[in-house]
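Here is what each chain is made of, one letter per residue.
There are 2 protein chains.
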Amino acid sequence: MNIPEILKLADEYNQELPDLPELPEPPSGADIARWIDHTLLKPQATASQIEEVCEEAKTYNFASVCITPFFVPLAAGLLQGTDVKTCSVIGFPLGATQSSVKVVETLVSLAGGATEIDMVMNIGAFKGEDYSQVLNDILAVVQVAHNQGAIVKVILEMALLTRKEKTVACLLCKQAGADFVKTSTGFGPGGATVEDVDLMRRVVGSEMGVKAAGGVRTLEDALAMIHAGANRIGASAGVRIVKEAIT
Amino acid sequence: MNIPEILKLADEYNQELPDLPELPEPPSGADIARWIDHTLLKPQATASQIEEVCEEAKTYNFASVCITPFFVPLAAGLLQGTDVKTCSVIGFPLGATQSSVKVVETLVSLAGGATEIDMVMNIGAFKGEDYSQVLNDILAVVQVAHNQGAIVKVILEMALLTRKEKTVACLLCKQAGADFVKTSTGFGPGGATVEDVDLMRRVVGSEMGVKAAGGVRTLEDALAMIHAGANRIGASAGVRIVKEAIT
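Chains as they are written, first to last, in our numbering: chain A, 1 to 247; chain B, 1001 to 1247.
Quick caveat, the hints were computed from the structure, so don't treat them as lab data.
Note that beta-carbon positions come from the ideal geometry of N, C-alpha and C, so glycine has one too.
Careful: at least some of the hints might be erroneous.
[What the hints assert, rightly or not] A few chain A residues that face chain B, going by a derived Cβ cut-off under 7 Å, partial list only:
1. Thr68
2. Gln98
3. Ser100
4. Gly124
[What the hints assert, rightly or not] Reference listing, derived: stretches of chain A covered by chain B, where coverage requires no fewer than 3 residues with Cβ under 8 Å from a Cβ of chain B:
5. 31-40
6. 83-97
7. 127-140
Take these sequences, add in the hints, and give me the full structure.
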């Protein structure tokens, strides 16, 4: 689809969203860990805190450890030989860097061992309706990531978008071949909501992933997101969530 | 000074700070604009909002326009032939990217027309006491910026640091040849305080700049920072501050 077609479809979806596709069976017990990106993105996080997060990730078998690019080589080294992936954030959390810099940041993260890339959409370009800029920015990161077998989640910072914009953003990500849409950075004015996850899942359909991140602190929160259509949760409270799930 | 010497000096300063050096005459009336970086760093800022900020900067003759890297070419084009500089933020606001990526981001901003670079210190490495990493990270950006005649301000995110750490951070910036220390990103847990600016000015002495940013909203705020030792103010309320100064 080209951009006029995307905007036309978004108009239609704004009148009536597609049906919610059939969702996979939600995880039970400790299996919920496989749906969680164990996350530590605070700027003051130290190497020893990253080591601790990686230890927890191995213990509980989380999907990934989601960390800032500086700590990617450390985490990837610690997680080598396990099923836990290393997830790096790109253009984070503002999304307002040049595409060339996002690409270099992605390449450096991939070289350091990341296999999941959570990039922030260029929100300012999006708000200015420069949709080809937004699309090309995502495409550029997706290309270099896919070339090296990594997946890309695009953070939309849903709390900053209108309902119609949320739909347009999801369709741009789908068009760019991204693997996931993700609700929030955790640094914006709001986190994941059930309503947003529902909209995202309806718009992207069953082939793409939906990651709910920001403010997911309990098992109840996580399951609400999963029932709304999320198949990945970003949370710093992963250990608490798994412990709740197994008791 | 090597790092053990820096830490020793920080210990001494933690007992007793050096005297406040003689400060330049504070600006009067509309001249305060020359001390202000007119700032718009919201991720949802659009090109037309950046254009407006640049227009205001030309009208009031601010020191610079401080914007995200994506908008540097736009702003630099609009400000060409004026005294208003284009200031780009690097590794912003978390500071937790690889030095190589900070360097590329700086080079891309310089190529786009930025002549002031506000980089965020690697706060996590600092908290983990990896001071040589922190020093080399700053040095790398300072080198490429100075090579092209640009200046570097290092954002310390003071609200995350202990009193002793604040001193160490200032001394590392001085050692790296940075041009300014800057209090805050505006995205952290706190903004500029008079106490922090006083400490920074005493530690760096009279040869380096001190930029107070984050929460400076009125002329009174700005003058308090300047009287404490700041010679640059970062604010989104620059127009209001100048208007207050000339009435």
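Evaluation of the provided hints:
The closest approach between the C-beta of A:Thr68 and any C-beta of chain B is roughly 3 Å, which is under the 7 Å cut-off, so the hint is satisfied. At its closest, the beta carbon of A:Gln98 sits 5 Å from a beta carbon of chain B; the interface hint therefore holds under the 7 Å criterion. Nearest Cβ of chain B to the Cβ of A:Ser100: about 6 Å, under the 7 Å cut. The hint holds. Given the 7 Å rule on beta carbons, the hint for A:Gly124 holds: about 5 Å separates it from the nearest Cβ of chain B.
Look at the stretch 31-40 of chain A against chain B: 0 of its residues bring a Cβ nearer than 8 Å to a Cβ of that chain, fewer than three, so the hint is violated. Under the rule that three or more residues need a Cβ within less than 8 Å of chain B, the assignment of the stretch 83-97 of chain A holds, with 6 such residues. With a cut-off of 8 Å between beta carbons, the stretch 127-140 of chain A has 3 residues touching chain B; three or more are needed, and the interface restraint holds.
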